[in-house]
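> Listed below, chain by chain, are the residues.
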Amino acid sequence: MSAITTSLAEYRHQLKSNRWGLWLFFLSEAFMFGGLLTSRFYLWGDTRPPLDQNLGFIVTVVLLLSSFFMNRAETAIAHDDRKNFQLNLIITAVLGIAFLVGVVGFEWQGEVRPTDGAYGAVLYGMTGMHALHVLSGLIFIMIVFFNGRKGHYSAERHWGVEACAVWWHYVDLVWVFFYPALYLMGTVIHP
Amino acid sequence: MKTFFSLGLIRGIVSQLIVTAIGMGITVAVRVAMGLPAWKAEPAAVVGALLGAIGFMFGVGALTDWLKWMKGEETPMRHGPPKDKPAWTRYFTVDYNHKIIGVQYTVTGIALIGIAGSLAMIFRLELSAPGLQFLTADTYNTFMSAHGIVMIGGILLGVAGAMNYLVPLMIGASDMAFPRLNAFGFWVTVPAALLIVSGMVFGGWDTGWTGYPPLSARAPLGIQLFFLGVYFIGLSSILGALNLLVTVARMRAPGMTLFRMPIFVWASVATSLIALTATQLIALSFLMVLVQRLLGMGFFDPNLTPEAVAMGAPPGNPLLFQHLFWFYSHPAVYVFILPGLGIISELLPVFARKPLFGYKWIAMSSLTIALVGFLVWAHHMFTAGMEEYLRLPFSYTTLLVAVPTGVKFFSWVATLWKGRISLETPMLFVLGAISVFLIGGLTGPPNGTVTTDLQLHDTYWIVGHFHATMFGGFVFPFFAAIYYWYPKVTGRMFSETLGKLHFWLMTPSFWVMSLVQQQIGLMGMRRRIADYDPALGIQAQQVAITIAGYIIFASVLVMIYNLVYSYRHGKIAVANPWNSRSPEFQIPSPIPEHSYEQPFLVTGEPYDYGLEGSVYISIKPDIANAPVAAK
Amino acid sequence: MKNHLLNVVVLVGIVTAATLALLKNIPLAPVQASAEGAVTDWLFGLHINVIAFLFALIMVFMLYSVFVFRREPGSLETGEYFHGNTPLEIVWTIAPLITVLYFGYLGAVTLKDITSPGQNELVVNVTGSQWAWKFEYPDSGLTSNTLVLPVGRTVKLEMTSLDVIHSFWVPEFRVKQDLLPGVTKTLRVTPTLPGEYKLRCAEICGRDHAYMVAPVQVLSASAYEAWVNSQVSEAQAAESAPPAERGKTLAQVQGCLACHSADGSPGNGPTWAGLYGEEITLADGTTVTADDAYLKTAIVDPGAQIAEGFPNIMPPTYGDVLSEEQIADIIAYIKSLNE
Ligand code: HEA
Ligand code: HEA
Ligand code: CUA
Ligand SMILES: [Cu+2]
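Residue numbers (the numbering used here), protein chains in the order written: chain A, 21 to 211; chain B, 112 to 742; chain C, 26 to 364.
Careful: at least some of the hints might be erroneous.
Cross-link-like lysine-lysine pairs, in silico, DSSO-like; alpha carbons within 27 Å at most [unchecked claim]:
#1 C/K159 to C/K360
#2 C/K210 to C/K181
#3 B/K471 to B/K529
#4 A/K103 to B/K179
#5 A/K170 to A/K103
#6 C/K159 to C/K321
#7 B/K682 to B/K611
#8 A/K103 to B/K182
#9 B/K179 to A/K36
#10 B/K182 to A/K170
#11 B/K179 to B/K196
#12 A/K170 to B/K179
#13 C/K181 to C/K223
#14 C/K210 to C/K223
#15 A/K36 to B/K182
#16 C/K360 to C/K321
Everything labelled a hint here was simulated from the structure, so no lab data went into it.
Using the sequences and the accompanying hints, generate a full structural model.
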């Protein structure tokens, strides 16, 4: 976040470093998410548990949509358009919450329990880890929203918003890999 | 007394204790609300430990600036030294200067190595005779497992200390790219270490440092604290590596092209690439066992509940854990050694007064070791029962690591060849390191060919192999580094006599310890046993190992004494006691708060010893070699 | 210049020879008792040669330099100025590369040697559990706690674990294989030397890992036949023995006695002496009487009712391993311990 007192030149130098840092962190996290995906393929093979397809599809659409609004929010602040910036942030957050409610409130109440062998473990492991990241993204959005209301961020200085947006897109991207791995690949076995 | 309670460390520990208690209370409350019996030790301990560690970070003040940012408050770009407080308090409080953090890491690392070494002293005494003397099988297992993991934690901290202290100085950066993250990375290791050590008290655990399920899934409670502790140390590794990579990428002095960086910086980059990425996998694997125990998520549990059978769910698989675990833990061994090998390459030219032979080859060999290191993990699993067809490819990749490592050895020898060598303490440790790491490295290929590993796996041969690699690749170079940079850190010289005493006690003893471990391993001595069969006929050797271990321990005490004593009474150090070309030796000792008053310019090669009139960097010319007034 | 190099080359030769001579005179392996062992020892010997040479090479170069190219500390003399030699670097990249590839190849060939099936294999099922070994001979229907093998015949060990990971290792055989719960892993051994050895669990498996040992006997073909026959007739005799007798044998071979004592001495599980009919306090505070029904559940589903003061570590798989009748025999045996 851009709350350090500096000259603009200093700010720009630090901004570049910040971007490096964030992307390296993504690289690091990619290994963790990759590990979860590997576990899914190692344990499930070409099967998958019985999951609610409609629900899976809806939450995916919701999350992808949220990324769109997040992008609009970032563009807005880059043009010093505070009103749209705040509005789009709220929409993003609402969609993010909807996603969480879909996964935690509905999918987690479904047929598969955490104790159900590799199905339960991997399903709850992957969605849980992802939900944790969505939650952190929501908190991040909240912080940016309130700081925005206090008049922070400007067209030149809005690293906080940028980081929040990129983080949100990243979490979204992870779901793009998780969704097919959980819902689409493999066949459901009916014993 | 007031100063004492204003120390970040104390506030951190106190709030860790309080928040742990709160966390346990919350667990009880939630259980009551859910209609479960109120007290169950394991969830209470895990929640308490997790929140407690976060509580520590609040209490110590590592989060203060970030919290301000969240509230939208401004903070200065850089914090200077604290005002109106004694200087020593900086080391026990959150401080953002990379040199302070480097020292904090290093000292904490040595303390951990001390704890782990003391555990070794206890269980070595037990092993000096067959039968159970004074430990039980359970305490032996706990001590042995804790020895392994605390040593490894100590190494990671030592590595981070060296990189934090040296890299910004070597590349002419004012500090690390993210000073707050840097401080966070150090401080999170403190609650982590407290968790691991308290795990020994609260039940202990009996799995070795590798924590394989299903054993770890049914081990005593202590293992959960061990998992959480390793998790936080892993977090520290990841954040430190990220910080270092950005620093090297963005903050090099003008003129410092990649191939003009000191070689240690190359080693640090290779190390950080591993730590940044692979660490996630050990964290994940431990987290998975943790939730398997806590929530019954059977990632690694081969048994199914009736409901799971009804659903047609596949069972968990213990081998998955081993893949995830070794995907980190093999590359991790290169995290331990690459900085050490970098230090060897750094010091050899200084004491041989000759350019580093094959600079680019050495730089590239670090990267090659790091990258190939990602492809070899399953050599720890040759006997584990993984897919048979995987054994040979992993055997080949493992053997390939010998090639870049060999490049380093040959280049070192060529650096020494026709040099003008002097044997001050740091140089002695460098030579010791080469000899010890050579033993460790050469005993690697027999483990790497499957046929021979089927015999060697899980014996003391392996124990000998890895003590030699870790001592040669980390402990000896780390000690060399401590002696070499001590004058820059403290402004005083250490006692050469005591330094030499340390070396001559430690090196032969280490040879005895490691070689004899290998021999009894070949004779049939298994790893991780509290008691061994007298029929193996290895009592004499066991006694020899124990004695050698004790001498090593004593020799390190000599070093500690030397460092502490010389801090007050040592000779005042000149700016450049070893006539090094490295940038940090061109400024006064001890290094001032803001290392370089102005950025320096790189005008030559780093290791052109013996080339008339060449300098590596140019800053104000008159300060080199000027003695510094006493503090 | 020539001189130094020549000196070093001669010294490397001498030190290599000396190192090898030393290693030849130190015992580096227990006796070799299997055909696989011959292969392993050969390859290991080759490794040792390479290690001795490389060790000598680096150490001699290093120590020679240290002794010959010395400087007083503090003097500002400098060494000869050269900072690299690409052809040399290439040589010492390629030569080790070829060496290790060759070793990789040898590793592959020898691995095939020691894992390929033999003729007329003897199958033995091996079960590991905390902290006991059990061997079953499907041919003859025998069960034993001693691994008895005929010399000269390839044995195919089909191995599994009831609880955690264990590892089958007889140092004299030179091969090792982990036992995993839930799956069966195969290992082949061809004993070549009659004698008595020890099977030692090589993977940490909890408290008594150190003591998870079982005797191994390699017998001549005829002695092995005789052993099988005597065991078979003993087993037949046992069939007609009273249930408590049969239960005693079962408790022994199934490994129950690794955790439960018959004489009241403490163990990992509650002692069986005087157990029958006792009031048992369970971990959740309730009490039950140790009658037949309780004992049966305790064996088939040990996690259901945990006796107070004991960890839940008893393998949950005995329900599948033991028949109804065998369980009844064991209970009869437990009962008999009250008298
Ligand atoms: C600092 C740590 C470190 C380092 C650097 C290494 C380096 C190597 N290690 Fe080691 N290893 C460990 C730490 C380390 N290891 C630990 C901790 C374990 C046990 C873990 C546990 O189970 O608890 C272990 C276990 C271990 C195993 C598993 C054994 C088993 O449990 O069955 C294997 C198997 O392949 C192995 C191989 C190697 C190889 C091939 C190298 C190579 O990198 C070595 C390369 C170096 C050389 C070969 C010497 C110099 C080269 C030349 C002079 C060139 C010419 C050489 C040739 C032609 C051969 N190691
Ligand atoms: C850096 C890593 C490291 C180091 C330095 C050591 C050092 C020693 N190790 Fe350790 N060891 C491991 C890493 C290490 N070990 C690991 C990873 C395992 C595997 C565990 C497992 O199987 O799970 C292991 C296992 C292991 C075993 C096998 C146990 C078994 O399988 O049952 C043995 C047995 O002899 C042993 C012995 C020793 C001894 C005698 C020393 C001695 O050299 C110790 C000497 C003491 C010191 C070097 C410390 C001195 C420091 C001070 C005195 C500082 C005091 C200062 C302050 C408090 C500020 N170790
Ligand atoms: Cu079974 Cu160790
Ligand atoms: Cu390895």
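> It remains to establish, for every hint, whether it holds in the given structure.
Hints and how they fare:
1. C/K159 to C/K360: holds, 24 Å
2. C/K210 to C/K181: holds, 10 Å
3. B/K471 to B/K529: holds, 20 Å
4. A/K103 to B/K179: Between A/K103 and B/K179 the Cα gap is close to 25 Å, so the pair holds against 27 Å.
5. A/K170 to A/K103: holds, 13 Å
6. C/K159 to C/K321: holds, 22 Å
7. B/K682 to B/K611: holds, 17 Å
8. A/K103 to B/K182: Since the Cα atoms of A/K103 and B/K182 sit roughly 20 Å apart, the hinted pair holds (cutoff 27 Å).
9. B/K179 to A/K36: holds, 22 Å
10. B/K182 to A/K170: The given pair, whose Cα atoms are some 10 Å apart, holds under the 27 Å limit.
11. B/K179 to B/K196: Given pair B/K179, B/K196 holds - Cα atoms ~23 Å apart, limit 27 Å.
12. A/K170 to B/K179: holds, 14 Å
13. C/K181 to C/K223: Holds - the C-alpha atoms of C/K223 and C/K181 are around 18 Å apart, at most 27 Å.
14. C/K210 to C/K223: holds, 20 Å
15. A/K36 to B/K182: holds, 23 Å
16. C/K360 to C/K321: holds, 12 Å
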